[in-house]
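S.K.: This is what each chain is made of:
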Amino acid sequence: MPHLVNLRVNGEDMSFYVEPDERLLDTLRGRLGLRSVREGCGTGDCGSCTVLLNGRPVLSCLMLTIQADGSDVLTVEGLSKDGGVHPLQRSFVDEGAVRCGYCTPAMLLSAKALLDGNPDPSDDEIRDAISGVICRCTGYYSVMRAIRRASKEMRGSK
Amino acid sequence: MIKISHNAHRMTASTRWAIGDRQPFISKRIFRIALEFDVVRPSGIDEAVDAVEGGGIPVAGGTYLMPRIHLRMVRPSVLVDLSGLRGDMGYVAVDGDYLRIGALATISDLMRARIPGGMESLRAAASKFGSPQIREMATVGGNLATASAHADLITVFEALDARVKLRGRRGERVVKLGKLYRAGGLELRPGELLSEIFVEMPRGDHRTSFEKIGRRASNCPAVVNAAVYMEMDPSSGRVVDVRIATNAIGPGVPGRAKAAESELRGRKFTDDSLSNAMSALDGELKPGDDFMASASYRRMAAKSIIAGLLRRSAEEIAGGAA
Chain Y
1 MPHLVNLRVN GEDMSFYVEP DERLLDTLRG RLGLRSVREG CGTGDCGSCT
51 VLLNGRPVLS CLMLTIQADG SDVLTVEGLS KDGGVHPLQR SFVDEGAVRC
101 GYCTPAMLLS AKALLDGNPD PSDDEIRDAI SGVICRCTGY YSVMRAIRRA
151 SKEMRGSK
Chain X
1001 MIKISHNAHR MTASTRWAIG DRQPFISKRI FRIALEFDVV RPSGIDEAVD
1051 AVEGGGIPVA GGTYLMPRIH LRMVRPSVLV DLSGLRGDMG YVAVDGDYLR
1101 IGALATISDL MRARIPGGME SLRAAASKFG SPQIREMATV GGNLATASAH
1151 ADLITVFEAL DARVKLRGRR GERVVKLGKL YRAGGLELRP GELLSEIFVE
1201 MPRGDHRTSF EKIGRRASNC PAVVNAAVYM EMDPSSGRVV DVRIATNAIG
1251 PGVPGRAKAA ESELRGRKFT DDSLSNAMSA LDGELKPGDD FMASASYRRM
1301 AAKSIIAGLL RRSAEEIAGG AA
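Those protein sequence lines, which keep their order, are chains Y and X.
Count the first sequence with this note's numbering and you get residues 1 to 158, in order.
Count the second sequence with this note's numbering and you get residues 1001 to 1322, in order.
Among these hints, one or two may not hold up.
[Claimed, not checked] No more than 20 Å apart at the CA atoms, straight line, and that leaves these computed lysine to any residue pairs for SDA-like:
(1) X:Lys1128 / Y:Asp21
(2) X:Lys1028 / Y:Asp21
(3) X:Lys1028 / Y:Asp13
Rather than coming from a laboratory, the hints here were simulated on the basis of the structure.
With these hints in hand, go ahead and build the complete structure from the sequences.
M.R.: What follows is the structure in structure tokens.
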């Protein structure tokens, strides 16, 4: 039996019916067309389905949409407003932190969750924040550089 | 197969979707593999107990169950989603002499909670648990209720001599954590759910500590884990009380290394007493053998980390940071 859910996705309130066995990943990617939300392993190991739920990183492949009922969901599509580019996106490009790009949305959102709570993180804190996302292009160092750079820029602009 | 959906989203003409001016798009049909279960969302624990007694499988954070459903290792027909009860059962609170943790507190809740001193083992295990995303989702009760050999919190809470509250049709009962497990699963009555875990706050000159070894640092089940609680008289060096827990104690859930404990308890902590405890430990460890590590590696690793934790605890207490 379909369940009615209310979600705020990238700042937009919406309510619609979903199947009980529908994962948040299926809803975001399939139903809402948010292609930044990716299914890698489907078992919580790779992290590429990461989205921010009420500001905290979660794995959308392991969460049912009805479990997210009433929550605020952020994907990379909602990272920047009005067609702009978020400082993290800019610094990922500038530091060459995007290779094949499959893990990039999850890296960006993990970094955003970190910087929102901790604007000036240490290298260990950055490492821990992205430790739930696997990058098989071995881009971790460039990702770390990009996050450091964005954190500097974001602090500077305040 | 996929029938859906009453497209009742609300929006105003001025709202914008993502980048650019595209209107929100909510598809009625999506391509996905149906997992084919129904979900019950109880509004209170009694309703949850009824649903579980009726044959539903309880799910909280889903980080253990959902991968198994995805891989078709489990094919439930009804899930009982406990996540809606988090408001009532997601607490981490000091209540008099006890630290009380609601079964639905997440690992992140545990890390963010202001737990007074002496609970370093809990902090250490939480910060090494899974990945940041897993820590946001996984619950303390879930980790205990999976009855897994890799559950770090079973090890930590065993060393803290924790008790759990079980909620069933006929009310509530309290059991020692160790009594919750039997070979291959949980010692639960039909419909019973774990509602709380609680620990008496340690007093006196004590240390709690935790260590784990995995194939890598993040998002990796423990090959070997161990936790130690030690209370020692700092002036005489006599061990007042000690509890050692590890998952190398057997192939199943983690448990206490009681023979090693009794070699230390009541005696002065010395190289000799430690070495006696290690011999006793060697006799009681029965680690499992699997794709992650051999039993002999686990035995060696467990002895090494337990000796290290004991030595460090004794040194720190004797060092007088009491």
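S.K.: Against each hint, give a clear statement of whether it holds in the structure.
M.R.: Checked hints:
1. X:Lys1128 / Y:Asp21: 30 Å, violated
2. X:Lys1028 / Y:Asp21: 15 Å, holds
3. X:Lys1028 / Y:Asp13: Holds, at about 18 Å.
Taken one by one, the earlier hints fail for this structure only at number 1.
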